[in-house]
Amino acid sequence: MALLSIRGLKVHFQTELGVNQAVDGVSLDVEPGRTLGIVGESGCGKSVTALSVMRLVPCPPGRIVSGEILWNDRDVLKLPEKELPEFRGREVAMIFQDPMTSLNPVFTIERLMCEVIVRRFGVGKVEARKRALAALTTVGIPDPETRLGSYPHELSGGMKQRILIAMALLCEPKLLIADEPTTALDVTIQKQILHLMKDLQQKNKMALLLITHDIGVIAETCDDVAVMYAGRVVECASVHALFSHNRHPYTRGLFNSVPKRGLSKETPLPSIEGSVPSLLNPPKGCRFAPRCFRRQDRCTVDDPQLLPVADKHTVACHFPLEDPA
Amino acid sequence: MSAPLLDVRNVLKRYPVRGGVFGRTRGEVHAVEDVSFTLAKGETLGLVGESGCGKSTLGRTIIRLEEANSGGVNFDGEDLLALSRKELFERRRHLQMIFQDPYSSLNPRMTLGEIVREPLAIHRIGNRKQQLEEVTMLLEKVGMKPEMIDRYPHEFSGGQRQRIGIARALALRPRLVIADEPMSALDVSVQAQVLNLMVSLQRELDLTYLFISHDLTVVEYISDTIAVMYLGRIVETGPKRAVFDAPAHPYTRALIDAAPVRDPRLRGASHPIRGETPSPINPPPGCAFHPRCPFAIDRCKEAIPPLEAHDSPGHRVACIRREEIAGELKRPAVVSASP
Numbered sequence: 001m002a003l004l005s006i007r008g009l010k011v012h013f014q015t016e017l018g019v020n021q022a023v024d025g026v027s028l029d030v031e032p033g034r035t036l037g038i039v040g041e042s043g044c045g046k047s048v049t050a051l052s053v054m055r056l057v058p059c060p061p062g063r064i065v066s067g068e069i070l071w072n073d074r075d076v077l078k079l080p081e082k083e084l085p086e087f088r089g090r091e092v093a094m095i096f097q098d099p100m101t102s103l104n105p106v107f108t109i110e111r112l113m114c115e116v117i118v119r120r121f122g123v124g125k126v127e128a129r130k131r132a133l134a135a136l137t138t139v140g141i142p143d144p145e146t147r148l149g150s151y152p153h154e155l156s157g158g159m160k161q162r163i164l165i166a167m168a169l170l171c172e173p174k175l176l177i178a179d180e181p182t183t184a185l186d187v188t189i190q191k192q193i194l195h196l197m198k199d200l201q202q203k204n205k206m207a208l209l210l211i212t213h214d215i216g217v218i219a220e221t222c223d224d225v226a227v228m229y230a231g232r233v234v235e236c237a238s239v240h241a242l243f244s245h246n247r248h249p250y251t252r253g254l255f256n257s258v259p260k261r262g263l264s265k266e267t268p269l270p271s272i273e274g275s276v277p278s279l280l281n282p283p284k285g286c287r288f289a290p291r292c293f294r295r296q297d298r299c300t301v302d303d304p305q306l307l308p309v310a311d312k313h314t315v316a317c318h319f320p321l322e323d324p325a
Numbered sequence: 326m327s328a329p330l331l332d333v334r335n336v337l338k339r340y341p342v343r344g345g346v347f348g349r350t351r352g353e354v355h356a357v358e359d360v361s362f363t364l365a366k367g368e369t370l371g372l373v374g375e376s377g378c379g380k381s382t383l384g385r386t387i388i389r390l391e392e393a394n395s396g397g398v399n400f401d402g403e404d405l406l407a408l409s410r411k412e413l414f415e416r417r418r419h420l421q422m423i424f425q426d427p428y429s430s431l432n433p434r435m436t437l438g439e440i441v442r443e444p445l446a447i448h449r450i451g452n453r454k455q456q457l458e459e460v461t462m463l464l465e466k467v468g469m470k471p472e473m474i475d476r477y478p479h480e481f482s483g484g485q486r487q488r489i490g491i492a493r494a495l496a497l498r499p500r501l502v503i504a505d506e507p508m509s510a511l512d513v514s515v516q517a518q519v520l521n522l523m524v525s526l527q528r529e530l531d532l533t534y535l536f537i538s539h540d541l542t543v544v545e546y547i548s549d550t551i552a553v554m555y556l557g558r559i560v561e562t563g564p565k566r567a568v569f570d571a572p573a574h575p576y577t578r579a580l581i582d583a584a585p586v587r588d589p590r591l592r593g594a595s596h597p598i599r600g601e602t603p604s605p606i607n608p609p610p611g612c613a614f615h616p617r618c619p620f621a622i623d624r625c626k627e628a629i630p631p632l633e634a635h636d637s638p639g640h641r642v643a644c645i646r647r648e649e650i651a652g653e654l655k656r657p658a659v660v661s662a663s664p
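For the record, the sequence lines run as chains L and G. According to our numbering, the first sequence is numbered sequentially starting from 1. According to our numbering, the second sequence is numbered sequentially starting from 326.
Worth double-checking, as some hints may not be accurate.
[Unchecked claim] Covered stretches of chain G, as calculated for chain L (at least 3 residues, CB under 8 Å):
(1) 458-468
(2) 534-548
[Stated by the list, open to error] Derived lysine to aspartate or glutamate pairs resembling EDC-like cross-links, with alpha carbons at most 20 Å apart:
(3) L/K82 x L/D98
(4) G/K565 x L/E266
(5) L/K265 x G/D531
(6) L/K260 x G/E506
(7) G/K466 x L/D297
(8) L/K265 x G/E368
(9) G/K470 x G/E480
(10) G/K470 x G/E458
(11) L/K260 x G/D636
(12) G/K366 x G/D531
(13) L/K260 x G/D549
(14) G/K366 x L/E266
(15) L/K198 x G/D588
(16) L/K174 x L/E154
(17) L/K174 x L/E91
(18) G/K565 x G/E458
(19) L/K265 x G/E529
(20) L/K265 x G/D636
(21) L/K260 x G/E529
(22) L/K265 x G/D549
(23) L/K174 x L/E83
(24) L/K260 x G/D588
(25) G/K470 x L/E273
(26) L/K205 x L/E115
(27) L/K265 x G/D570
(28) L/K265 x G/D540
(29) L/K130 x L/E110
(30) G/K626 x G/D636
If you're looking for bench data, these hints aren't it; they were derived computationally from the structure. The model shown is predicted, which means the values in this text are computed figures rather than measured ones. Think of the CB as a built atom: it goes at the ideal place given N, C-alpha and C, for glycine as much as any other residue.
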């Protein structure tokens, strides 16, 4: 049974120019202990989907139009306000893209961490400090004693992201949501952080929902993948199936537009024409249709549904590509 | 081989760090340290490295948006660093820059037409009518419709804005284009369009590119030669295939290993290197990479290793152990686990 089950989620935003249909009918399952990756380009709705799980979508201007988010048979979207602090952190924790702005700059790391520990476990200051030290050691912070006394601005981006991971895991959540956790970091540091997250995931037997625009990060970390485009899931499969047998023209286009190792400029890159549509006035039918090389009349009229094409592999396309295998 | 179009010699750029009540200089940021390279006409040099390695400062120093402390930049037989302001203005026609952020590098109060025409107006090339014809031609070249000419930057997507930035850079028909992270603000599907555009324009207009990026896949695709920077210095340089297929500096190896592999079957083939980039205010003695290097020995701390010739022609490496460790660097999983 899925740990987290998102069913038909629709989140719209009221803007000066009209209603932005940021997330428009998203369904996803996160299995216990596994890693689900959501991949897509900017504005595809991947972050809003994650924020909805945490009940962090600002309303207004946001509005959850319909759908449910099931956690232990309860709908997260209907949880009373006073149960939210317990749900966030203890059940599900989240880390964000920008470690530079996620930590309050006026407090030391000790104060930031101990506050969480004291509130959650009701222990004394000495014990809280001990646990904070242990948590910093787990995430590989060199010289944790000194670091407890540091302010966020004294730390590098990689170090801050380690501390945020340590803080997210303090309450031993069953699901960690990581929204572009390494996008602001250098590649050598990104590799360290991804390793650390996978390592801690196994130790804590935790599920991971990883949001990224980088299909390389997906390949290195995920078990299952959902590809999003313009507010909808267009393909969902295991990571191996998605990399070797992807069937949606957008998925194929996205994968092909990243230069492969060994390729050089003598060979033009296959690219997707045009750009992402505005979600204020999205195209009718399949939202990818205006850019799709396989487009037919039906695509601009009928919404394609996510339908199975193989075991645990679903595609939302009227004319999916042939299986290359 | 003919003389290179660009010949950079021992460029040094340091920024003073001021602090305290009287704003005294407390130290210096060693941004670019004794960097030399050449770039042949019609070729692309990919300058790679992580944030703070000095790659952008180097690019800006060449075009004199920053003044170097010492060194020389020979462009087509003339030292750019020795030119007066007036002479520099003239020469700038031939060197243009494409910036990273297509959102902040276009004036929001100017229309697309004005943005692309501005360089022509500043350099007084042709009359207004000729300039407008040129703008139309440029827009078509970069794949924009001429009827968009009266629109403002906010009406365009990131990819379209980067096309506008490219059109502006090409307006003066430069010979050298310095592109500073031109892809990093763009979505992947749009990156491919802009990369293809840059490649076809290079062929058509016989352009030379200095392509600055942190993204190895993009650099590998577009470049002919590669220079890898770490903490202000070039640690390895050479023809693309030599650097990517037989990296000889442990940092280059680590950088290649760190780039995520787009194949889930190859997961876990290599381990991350330990530690983080040290501060450029107080770089480690000797080889700046030694605190993170799995092959470091005591001798690495003693002197800064010079860039010396390695195996194939043009391949140069700044590592005193390059011969001994060559065998180990060939395997992908060489680098020790994180702390």
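Against the structure, the hints come out as follows:
Interface restraint, the segment 458-468 of chain G with chain L: violated (0 residues with C-beta to C-beta distance below 8 Å; minimum three). Residues of the segment 534-548 of chain G with a Cβ under 8 Å from some Cβ of chain L number 7, which satisfies the need for three, so the listed coverage holds. Simply put, L/K82 and L/D98 have alpha-carbon atoms about 28 Å apart, too far for the 20 Å limit, and the pair is violated. About 14 Å separates the Cα atoms of G/K565 and L/E266, which keeps this hinted pair within 20 Å; it holds.
For the suggested pair L/K265 and G/D531, the alpha carbons sit about 15 Å apart, so the restraint of at most 20 Å is met. The straight-line distance between the Cα atoms of L/K260 and G/E506 is roughly 19 Å, inside the 20 Å bound, and the hint therefore holds. The straight-line distance between the Cα atoms of G/K466 and L/D297 is roughly 32 Å, outside the 20 Å bound, and the hint therefore fails. Distance restraint check for L/K265 and G/E368: the Cα-Cα separation of roughly 12 Å lies within the 20 Å cut-off, and the hinted pair is therefore satisfied.
For the proposed pair G/K470 and G/E480, the alpha carbon gap of about 13 Å is at most 20 Å, so the pair holds. For the hint pairing G/K470 with G/E458, the CA-to-CA distance comes to about 13 Å; that is within 20 Å, so the pair holds. Our distance criterion of 20 Å between C-alpha atoms is broken by L/K260 and G/D636, whose separation comes to about 26 Å. Note on G/K366 and G/D531: the hinted pairing holds, with a Cα-Cα distance of about 8 Å set against a maximum of 20 Å.
Our distance criterion of 20 Å between C-alpha atoms is met by L/K260 and G/D549, whose separation comes to about 16 Å. Between G/K366 and L/E266 the CA atoms are separated by roughly 17 Å; this keeps the pair inside 20 Å, and the hint holds. At most 20 Å may separate the alpha-carbon atoms for a hinted pair to count; L/K198 and G/D588 meet this at roughly 17 Å. Between L/K174 and L/E154 the alpha-carbon distance is near 31 Å, which puts this suggested pair outside the 20 Å criterion.
About 5 Å separates the Cα atoms of L/K174 and L/E91, which keeps this hinted pair within 20 Å; it holds. For a cut-off of 20 Å, the pair hint linking G/K565 to G/E458 is broken: about 39 Å separates their Cα positions. For the hint pairing L/K265 with G/E529, the CA-to-CA distance comes to about 14 Å; that is within 20 Å, so the pair holds. For the proposed pair L/K265 and G/D636, the alpha carbon gap of about 25 Å is over 20 Å, so the pair is violated.
Distance restraint check for L/K260 and G/E529: the Cα-Cα separation of roughly 24 Å exceeds the 20 Å cut-off, and the hinted pair is therefore not satisfied. About 9 Å separates the Cα atoms of L/K265 and G/D549, which keeps this hinted pair within 20 Å; it holds. Using a Cα cut-off of 20 Å, the hinted pair L/K174 and L/E83 holds, with the two alpha carbons roughly 17 Å apart. Using a Cα cut-off of 20 Å, the hinted pair L/K260 and G/D588 holds, with the two alpha carbons roughly 10 Å apart.
For a cut-off of 20 Å, the pair hint linking G/K470 to L/E273 stands: about 15 Å separates their Cα positions. Annotation: proposed proximity of L/K205 to L/E115 is violated, straight-line Cα distance about 25 Å (limit 20 Å). Taking the CA atoms of L/K265 and G/D570, the gap is near 17 Å; set against the 20 Å cutoff, the hint holds. Of the supplied pair hints, the one linking L/K265 and G/D540 holds, its CA atoms being roughly 15 Å apart against a limit of 20 Å.
A distance of roughly 10 Å separates the Cα atoms of L/K130 and L/E110; the hinted pair therefore holds under the 20 Å criterion. Annotation: proposed proximity of G/K626 to G/D636 is violated, straight-line Cα distance about 25 Å (limit 20 Å).
In this structure, the hints that do not hold are numbers 1, 3, 7, 11, 16, 18, 20, 21, 26 and 30, in rising order.
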